[in-house]
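**Student:** Sequence:
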Amino acid sequence: MSNTVFCRKYQQELPALPFPPLPGKQGQEIQATVSKQAWEEWQALQTRLINEKHLNMLEPEARAYLMEQMQRFLDNETTDQAEGYVPPSQA
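At position 58 of the sequence shown (counting the first as 1) the number is 57 in numbering that gives the first Met the number 0, and the numbers step up by one without a gap.
Because the hints were derived from the structure by calculation, they are not lab data.
Note that the coordinates shown come from a computational prediction; the quantities given were computed from them, not determined experimentally.
From the three backbone atoms N, C-alpha and C, an ideal C-beta is built for every residue, glycine too.
Hints are supplied without guarantee of correctness; some may be wrong.
[To be verified] Computed list of lysine to aspartate or glutamate pairs in EDC-like fashion (alpha-carbon distance at most 16 Å, straight line):
#, residue 1, residue 2
1, Lys8, Glu39
2, Lys35, Asp74
3, Lys35, Glu12
4, Lys8, Glu82
5, Lys8, Glu76
6, Lys52, Asp74
7, Lys24, Glu40
8, Lys8, Glu40
9, Lys52, Glu82
[Claimed, not checked] Beta-carbon label-pair distances, calculated as ranges:
#, residue 1, residue 2, range
10, Glu82, Glu28, 27 to 33 Å
11, Met56, Gln11, 31 to 37 Å
12, Glu82, Thr3, 31 to 37 Å
13, Asn2, Asn55, 33 to 39 Å
14, Glu12, Lys52, 30 to 36 Å
Model the full assembly from the supplied sequences, consistent with the hints where possible.
**Tutor:** Structure (structure tokens):
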């Protein structure tokens, strides 16, 4: 495994994830195509979505929703945003 990956979100070589972030084939694909920076940004958005939308991660619908949002985020498509969220730079 190289220390960089061609990131599908940013379309450039960036530092790679040190290990697959999810189990199985999907985790391996993410490790091979998503940079550490993009994954960390997704995790921050995921946390905001879970908290602001009061998602119950025990519900299959909530997990499916997050997986869809993850794919959209990593593919540079429009994603849902947490209502009322103000970035720290604008607070």
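**Student:** Now, for every hint given, state plainly whether the structure supports it.
**Tutor:** Outcome of the hint check:
no.: 1; hint: Lys8 to Glu39; result: 12 Å, holds
no.: 2; hint: Lys35 to Asp74; result: 15 Å, holds
no.: 3; hint: Lys35 to Glu12; result: 11 Å, holds
no.: 4; hint: Lys8 to Glu82; result: 23 Å, violated
no.: 5; hint: Lys8 to Glu76; result: 10 Å, holds
no.: 6; hint: Lys52 to Asp74; result: 22 Å, violated
no.: 7; hint: Lys24 to Glu40; result: 21 Å, violated
no.: 8; hint: Lys8 to Glu40; result: 11 Å, holds
no.: 9; hint: Lys52 to Glu82; result: 8 Å, holds
no.: 10; hint: Glu82 to Glu28: 27 to 33 Å; result: 31 Å, holds
no.: 11; hint: Met56 to Gln11: 31 to 37 Å; result: 32 Å, holds
no.: 12; hint: Glu82 to Thr3: 31 to 37 Å; result: 36 Å, holds
no.: 13; hint: Asn2 to Asn55: 33 to 39 Å; result: 37 Å, holds
no.: 14; hint: Glu12 to Lys52: 30 to 36 Å; result: 34 Å, holds
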